[in-house]
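Enquirer: Given next are the chains, with one letter for each unit.
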Amino acid sequence: MEINLFKSNKNVFWEALLVTILIFVLGVIAGFVLENWRTSNIDYLYVNSELNLLDVKVQSEIYGIGDFDCNAAINENINFANRIYEEANTLEKYQKASMLTEDLIVSHKKYDLLRTLLLLNSIKIKKECNASYSNVVYFYRFRDKNPDIIAKESVFSKLLVQLKEKMGNEILLIPIGFDGNVSSVKLILDNYNISENELPVILINEKIKIKDVETVEDLMKYFD
Amino acid sequence: MDVLPIIYLIYMFISLYMLNFFLIIYFKNRKNFFDSPETTKKYSISFVVPAYNEGKTIEDTIKHIFDIDYAHIKQVIVVNDCSTDNTKQVLQKLKKKYKKLIIINNKINLGNAARSQNVGLKYVKGDLIAIVDGDSFPARDSLKKMVGFFDDPKVGAVTVPVLARNREKFIEKLQALEYIAISFGRKLLEYVDAIYVTPGPLALYRKEALLGIGGFDEDNLTQDIEATWDITSRGWDRKMALSTSVTSQVPDKWGVWWKQRRRWNIGGLQCIWKYRNSLGRHGMLGAFIIPFFVLSLFLGLIGLGIFFYLLITNIISKFLYTRYSIIAGTPIVSLNDFYLTPSFLNYLGIIMFLLGFAYLILILYALKEKIFVKENILNIPFYLIVYLMIYPFVLVDSIYHWWFGSKKWR
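Chains A and B, in that order, are what the protein sequence lines are.
Sequence positions in the first sequence follow this note's numbering and run 1 to 224.
Sequence positions in the second sequence follow this note's numbering and run 1 to 410.
Everything labelled a hint here was simulated from the structure, so no lab data went into it.
One or more of the hints may lead you astray.
Lysine to aspartate or glutamate pairs mimicking DMTMM-like chemistry, simulated, CA-CA at most 25 Å apart [what the hints assert, rightly or not]:
#1 B:Lys-169 x B:Asp-141
#2 B:Lys-28 x A:Glu-15
#3 A:Lys-96 x B:Asp-2
#4 B:Lys-107 x B:Asp-135
#5 B:Lys-318 x A:Glu-214
#6 A:Lys-10 x B:Asp-35
Calculated from the model, a selection of chain A residues having no Cβ within reach of chain B, i.e. all distances over 10 Å [as the list claims (entries may be wrong)]:
#7 Asn-52
#8 Glu-87
#9 Lys-158
#10 Asn-197
#11 Glu-198
#12 Glu-214
#13 Thr-215
Just a few of them, taken from the derived set where beta-carbon distance is under 7 Å, the chain A residues facing chain B [as the list claims (entries may be wrong)]:
#14 Glu-15
#15 Ala-16
#16 Glu-92
#17 Lys-93
#18 Gly-180
#19 Asn-181
We put the beta carbon where it would ideally sit given N, CA and C, even for glycine.
Let the hints inform the model, and build the full structure from the sequences given.
Expert: So this is what it looks like as structure tokens:
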């Protein structure tokens with residue numbers, strides 16, 4: 001008895017494959033468009049923030065020529081830090097949802113460098129003006145998959161939000177992510193004797209290192 | 001890109017392919033979807049009905065058979081496999097009413113339906129053999145709609161949609177949906193010569209085809225699948241008469257349901273093992289049916305593995321997070337946690353779910369089932385999201401039982 005491979009509708013296997021590939025490719029393209037749109041949003045925010053930081057730095061240089069207006073410099077610095085902290089939250093959310101492109105990783109590193117510059121500027125202003133606010137730098141691992149690290153970093157983030165709510169502009173909150181590939185951040189860590197294995201670490205006023213999870217009340221004692 | 005998103009995309013691709021495959025077949029053939037060829041031939045039909053403890057349903061089954069609007073039913077052979085309930089008494093009562101009813105009482109319990117069916121096959125005299133389960137109820141027009149296919153000398157078997165008879169409880173309603181979807185899919189597979197089962201509730205065989213394979217495999221827990229694969233390997237065509245049906249009692253308890261599905265899976269595994277050398281050979285058996293079964297197996301197992309991996313890592317993450325939150329005195333859940341930023345895979349998943357939903361609605365529409373009734377609106381999402389996800393768990397249990405040799409029918 002003759003056995004035929006296809007009796008009817010024999011092209012349906014290839015037709016279905018063609019249609020599927022078409023729809024799938026369109027879907028992936030849509031994915032790229034979505035992620036590129038998010039990257040564009042972040043880049044737009046970044047460019048504005050970069051401009052603002054440059055503005056703050058130039059103002060510091062101008063004041064260096066004449067009298068240094070500490071109040072203005074401190075306020076500018078704190079406002080700038082608050083704004084890029086919010087942008088950092090947006091970036092983190094976009095980055096967790098990013099699957100196809102790595103553009104947001106580049107944006108993340110650019111923000112880390114920006115925040116590093118902010119920290120250096122803040123240290124300079126504090127020294128020049130004998131300012132009373134505290135630098136609170138949160139160094140964290142960027143793109144780590146260890147569940148213990150991820151859990152700790154999530155709690156640290158919430159802890160610092162609470163601390164900021166309680167202490168307002170008495171602290172300048174600067175989160176800086178590290179994945180081993182940005183030399184300036186590595187230098188800063190080395191400068192403060194923080195090894196990569198210790199991350200996440202909260203550094204208060206360039207002196208006090210906090211590696212373990214504590215309550216916000218315990219954290220506030222470090223500022224007394 | 002990480003490994004998991006790639007696996008996720010592969011699953012999406014395969015799901016999308018199968019969906020497109022079925023949709024293309026449907027739209028190409030929807031005009032003749034319900035057609036059943038007419039015939040002038042008078043095929044005589046012998047029924048074989050295996051019965052073990054079917055006291056509650058056998059009377060109704062026999063009545064349904066004799067109510068079928070077909071003038072050439074030659075005999076109805078019921079094989080009672082030493083039932084311990086009142087099956088024998090019910091049959092003896094029916095014998096007085098139906099002269100063509102032949103009752104065979106096995107001297108010892110043979111243990112499964114296949115053995116009883118083979119006993120019945122020894123007595124068949126008709127041109128065609130109808131196999132009916134002891135708890136199934138063929139429609140009145142079933143034979144008229146099925147016999148015409150046999151005018152094509154290449155046709156070896158004809159099947160019909162199997163629908164759920166009992167639809168009261170939630171589990172029964174889910175199975176009702178499932179059976180409708182399976183019937184639709186099976187009809188579509190007919191157009192590519194890929195019908196892989198002529199289910200036991202009602203199947204009609206050409207005598208030459210069924211006896212030519214030696215009857216049913218008595219070691220197989222799904223002897224209907226095995227018989228279909230055997231006749232396929234010998235070049236016989238299989239058809240489906242969608243315009244009629246048979247209803248069957250479905251399990252009304254999850255434990256019974258689980259055992260039934262485990263038996264189906266074990267039977268499927270037995271068939272894959274038995275016909276492993278047919279891969280790539282014997283027409284659509286080796287080109288589609290076996291690869292389809294094997295792929296389903298792998299996808300189910302890999303999917304389950306990924307599910308457990310994600311579940312365990314999630315539990316560990318949540319545990320660690322909760323522990324640190326308690327130490328820090330920070331809220332375990334905050335408003336910010338609900339601000340979702342979906343990835344493109346999340347969107348794809350939603351689209352796939354909606355496509356699956358739409359496909360199920362299409363099936364109900366095509367088979368003229370009521371769509372916008374309360375039960376379907378509530379049951380369809382549950383069916384798509386939860387019910388279908390239970391299958392991989394049954395599969396693991398089945399593989400375990402198959403591997404360690406537990407092949408009991410009951």
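Enquirer: With reference to the structure, classify each hint as holding or not holding.
Expert: Evaluated hints:
{"no.": "1", "hint": "B:Lys-169 x B:Asp-141", "in the structure": "violated, 28 Å"}
{"no.": "2", "hint": "B:Lys-28 x A:Glu-15", "in the structure": "holds, 12 Å"}
{"no.": "3", "hint": "A:Lys-96 x B:Asp-2", "in the structure": "holds, 12 Å"}
{"no.": "4", "hint": "B:Lys-107 x B:Asp-135", "in the structure": "holds, 22 Å"}
{"no.": "5", "hint": "B:Lys-318 x A:Glu-214", "in the structure": "holds, 18 Å"}
{"no.": "6", "hint": "A:Lys-10 x B:Asp-35", "in the structure": "holds, 20 Å"}
{"no.": "7", "hint": "Asn-52", "in the structure": "holds, 25 Å"}
{"no.": "8", "hint": "Glu-87", "in the structure": "holds, 14 Å"}
{"no.": "9", "hint": "Lys-158", "in the structure": "violated, 4 Å"}
{"no.": "10", "hint": "Asn-197", "in the structure": "holds, 18 Å"}
{"no.": "11", "hint": "Glu-198", "in the structure": "holds, 16 Å"}
{"no.": "12", "hint": "Glu-214", "in the structure": "violated, 7 Å"}
{"no.": "13", "hint": "Thr-215", "in the structure": "violated, 4 Å"}
{"no.": "14", "hint": "Glu-15", "in the structure": "holds, 5 Å"}
{"no.": "15", "hint": "Ala-16", "in the structure": "holds, 4 Å"}
{"no.": "16", "hint": "Glu-92", "in the structure": "violated, 9 Å"}
{"no.": "17", "hint": "Lys-93", "in the structure": "holds, 4 Å"}
{"no.": "18", "hint": "Gly-180", "in the structure": "violated, 18 Å"}
{"no.": "19", "hint": "Asn-181", "in the structure": "violated, 18 Å"}
The earlier numbered hints that this structure contradicts are 1, 9, 12, 13, 16, 18, 19.
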